[in-house]
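Once you've looked at the hints, dock chains A and V against the given chain H.
Here's the letter readout for the chains.
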Amino acid sequence: MTNPTPRAWWKTGVGLVLTGLMLFPVYWMINVSFTRDQDMRASPPHLIPTNGTLDGYRVVLDQQLPYLGTSFLVGLGTVLLTVALAAPAGFALAKLRPPGGRALSFVLLIAQMIPGIIMAMGFYAIFLNLGVLNTLPGLILADTTLAVPFGVLIFTAFMSGLPDELLQAAVVDGAGRLRTFWSVVLPVSRNSIVTVSLFAFLWSWSDFIFASTLAGGGDHQPITLGIYHYIGNNNQQWNAIMATAVVASIPAAVLLVLAQRYVSMGVTAGAVKD
Amino acid sequence: MTGLSRRRRLAAVAVLALAAAAGGACSSSSDQPADGGAYLVWDPYPQFADDSEWVALLKKCGTSAGVTVKRTGYDTTDLTNKALLAAQQGNSPDVLIVDNPVISTLAEAGALTTTDDNKLDVSAMAANLLGAGQRDGKTYGVPIGANTLALYYNKDVLTAAGVDPAGIRDWASLNSALGKVEAKGKKGITFSAIGTEEGSFQFLPWFWGSGAQLTSLDSPQAVSALTLWTDWLKQGHAPNSVINNTQTTSWQEFATGDYAFAENGTWQLANAEKLGFPYGTIAIPASAGGPAPAPTGGEFVSIPVQRSTGRYATSQKLVTCLTSADNLLATDTTLSYVAPVAAVQERQASTDPKLKVWVEAVRAAKGRTGDNLGTKYPKISEALWTAVQAALSGGKSPGEALAAAQAAATNK
Amino acid sequence: MVPPTATSTAVPGPGEAATAAPPGSPPSRARRPSRWLAWGFLAPVTLYLATFYAYPLYRNVELSLREYTVRSFVQGGAPFAGLDNYRTVLTDQAFGSTLTHTLIFTAASLAFQFGIGMALALFFHQHFPLSRTLRALILVPWLLPLIVSASTWTWLLNSDSGLVNAALGVLGVDPVNWLTSPGWSITSVIIANIWIGIPFNLVILHSGLQSIPAEVYEASALDGATGWQRFWSITFPLLRPVSAITLLLGLIYTLKVFDIIWIMTKGGPTNSSATLATWSYRLGFGNLLPEFGPGAAVGNLLIVLALIAGLGYIRIERRQQLR
Chain H
1 MTNPTPRAWW KTGVGLVLTG LMLFPVYWMI NVSFTRDQDM RASPPHLIPT
51 NGTLDGYRVV LDQQLPYLGT SFLVGLGTVL LTVALAAPAG FALAKLRPPG
101 GRALSFVLLI AQMIPGIIMA MGFYAIFLNL GVLNTLPGLI LADTTLAVPF
151 GVLIFTAFMS GLPDELLQAA VVDGAGRLRT FWSVVLPVSR NSIVTVSLFA
201 FLWSWSDFIF ASTLAGGGDH QPITLGIYHY IGNNNQQWNA IMATAVVASI
251 PAAVLLVLAQ RYVSMGVTAG AVKD
Chain A
1 MTGLSRRRRL AAVAVLALAA AAGGACSSSS DQPADGGAYL VWDPYPQFAD
51 DSEWVALLKK CGTSAGVTVK RTGYDTTDLT NKALLAAQQG NSPDVLIVDN
101 PVISTLAEAG ALTTTDDNKL DVSAMAANLL GAGQRDGKTY GVPIGANTLA
151 LYYNKDVLTA AGVDPAGIRD WASLNSALGK VEAKGKKGIT FSAIGTEEGS
201 FQFLPWFWGS GAQLTSLDSP QAVSALTLWT DWLKQGHAPN SVINNTQTTS
251 WQEFATGDYA FAENGTWQLA NAEKLGFPYG TIAIPASAGG PAPAPTGGEF
301 VSIPVQRSTG RYATSQKLVT CLTSADNLLA TDTTLSYVAP VAAVQERQAS
351 TDPKLKVWVE AVRAAKGRTG DNLGTKYPKI SEALWTAVQA ALSGGKSPGE
401 ALAAAQAAAT NK
Chain V
1 MVPPTATSTA VPGPGEAATA APPGSPPSRA RRPSRWLAWG FLAPVTLYLA
51 TFYAYPLYRN VELSLREYTV RSFVQGGAPF AGLDNYRTVL TDQAFGSTLT
101 HTLIFTAASL AFQFGIGMAL ALFFHQHFPL SRTLRALILV PWLLPLIVSA
151 STWTWLLNSD SGLVNAALGV LGVDPVNWLT SPGWSITSVI IANIWIGIPF
201 NLVILHSGLQ SIPAEVYEAS ALDGATGWQR FWSITFPLLR PVSAITLLLG
251 LIYTLKVFDI IWIMTKGGPT NSSATLATWS YRLGFGNLLP EFGPGAAVGN
301 LLIVLALIAG LGYIRIERRQ QLR
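Chains as they are written, first to last, in UniProt numbering: chain H, 1 to 274; chain A, 1 to 412; chain V, 1 to 323.
To be clear, the hints were calculated from the coordinates, so they are not data collected in a lab.
We put the beta carbon where it would ideally sit given N, CA and C, even for glycine.
There is no bait here: all hints are sound.
Under 8 Å between C-beta atoms, here's a sample of chain A residues computed to sit facing chain V:
#: 1; residue: E108
#: 2; residue: G110
#: 3; residue: T386
#: 4; residue: A390
Some chain V residues flagged as far from chain A (calculated, every beta-carbon gap over 12 Å):
#: 5; residue: W39
#: 6; residue: L99
#: 7; residue: A107
#: 8; residue: L122
#: 9; residue: L171
#: 10; residue: A225
#: 11; residue: R230
#: 12; residue: W232
#: 13; residue: L305
#: 14; residue: I308
#: 15; residue: Y313
#: 16; residue: R318
This is chain H alone, in the form it adopts within the complex (with noise of 0.2 Å):
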């Protein structure tokens, strides 16, 4: 790349404004999360929080950080098991054209609107039965159906445009189906492969639902549970729910920047390459 032109860090003022507008909820949370009890309904409301008080962060620090490693595990865990089940099925639907193919991808479709809460009365049974209930592989699994749908879909679409002569040249010099898989398919397909990890990583991580159903009795919770710490039956200590968020976002946001900047630079070297 070449030294940034002037007109070039104009753009980089207009995108500043946009992540600014994207993010002045963020912002606002992180407000709230810094503010005393008396001022968060004051009203006008406090742009900055003058006055502001620690304590939200206080109470998070002693209590949270091991529900931060639990949800980066379980969201590894699914990243993993999300790409491993869905890249193939992507590969196979977009290029091999099985028969019934079409249905399948009906089917992941319809899948994905199976309303939550019932999905995770059915883990619940299922996991119940198999023991795997309050533990990190069982609500890996179960996260893991947040993504597939999602993942094999993706898959498919980013692959269809995979020009036909690529497939072709590996299968004229002797790779089976498995090995131009592996080793042209995979490779040209780092652009969607993040994609579609990035996703399985940010739905495990918000879940809710699964990990109230599935872990909420288990040693290891991941950090949606750990809010509830501060919703009481009859009171909620804002402060420390938004300071929670924050402590919660910052580990993760940089994993996302610095993801963000491997993957262009994938990107452009594989680009070269070929």
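Same frame as chain H, now just chains A and V:
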């Protein structure tokens, strides 16, 4: 039932086979409770961490009953579904603590044991509180503590407006107080009229205080109660946000110091000490004067039905321990609740004179599912909060809204 | 039109098969093993679907066809009720308005999410300092548990102490009862839902843009096409499969949304922001005395709506492939 569960077992076997075929993705069955002797307790107090006094008390009661206790705190709205689901799957906890109106739902589902089965002694409990756990002469649980509603007031605001809180004894004097406060540029009253059980809970003192009955939502008295609220919004005595306020939001509004009154509960006492201004509490006035009956809130301890009935004896020991006088005092102090036993109430009032008002309020309070309404209450309550929302948001007049509510409550 | 589509338009219908099989090798031998292999690739996901979706789906249908009470939910033995639950729901006076809200909510959310997402994707597709970092940051709303993001919106839109009304006040506009007036509540939840959906559209469309080879643009730059022309004649057609799937998934996810609305307004005041999804939740789980049967019936009606949308999608997709 057997057909269903057999099918479920078949499904589980199929799943197990698939999981094994898939390469043992999950090493199952290793997780079978090694602590088979542990007694499970579910409560709606997720705010209490494992190092809290509440959990320490549970462990202590376990030790004295000779068992280990495994406790899980759930979000309160989530706990009802979770309890039903667990009962369906035969996986209920040994001791379940739930919000009091849920007891009649779980009892209807056949998920709870009665005191005949579990031999719990409930004779010390105040009758008006125990009522929420009774249906057709059977008792399904013990109250662990009670709360109710009253009016908190901001002393500074009332003094500035020249209002004596002791003089507020009926709706007319409350209305004139609100007018005086507003003349001084302050705001009148905040409450919660959200479209959930919370909204009905907050409306009930006014509803009952008008002389209305839950069996007849469209009576003239009921209309007068809803008109009172609607007029407050129209005249600016109450903010428009009450339509969507939870009780916490309403409390935050009061905490700004701009409001003269807030309708809120016993549980706010600890937070009230943190307010930046002096406060006081008065009973919610009835239309014609005197304190209005407020609804009772608070949780019940129950013993769900188990496959092995031998566990009840130990569960009974656990519950008896949790609801013994000293432990009730400790628990209700942390929850900022009023104890359900008269003797303990006296001790609470003598240690903390501020609690005296609340003890009296709880004694005058009324259970929502009482009067043998039981599982009819949820339908009535939904109709009621819908009517409140319709009238406050200006969709319908109070009369029309309540007529529709009565139709909906009796129709379904 | 553009190269890849151009070839398939030039050789209609059967030409497609010819391109799929390598030239020279007899089609029959090349195709059969690949068909079996295809199911090899699909086996894990099929197994997974059968294991984890079949039972909940069966359960949702079963719940809607029986007359469940809390008692029979726990103890079993609910009598078969045929289509009674559906009849109850369809004749409910709330059905018409709820369906209308669902359609408005879905259409408005989709249009704005997709439009804004596409605009942002195009903007951030350009190379400028910090473009990648900012694009990643826009995803942050997705990291927040819904209870937090939806509550934040409730906070901002509060009638009395909300920032939005305070800002309107500065501009001299009267406060709006965003969440508490029947006229505005649906708009408010749509705004919040658009905000939540933009990152999803942005990410997928952006990766779609990245998979368009740079050479295509270089060729058109030589032709002297302007930015707008380039978008309509190159970017948009090449992005069509990705756009279609984004819209379809967006549709499904929007039909399903209930938690945002539930947290912000509970579907009220007086059902003015209730959709089929919140209605289903209210019936089945939002009450002290759950009505599982009608709740599941409403849920299944939603599935039917999604089915119709899915069929439409497949029809369009097939027509494009045949062209």
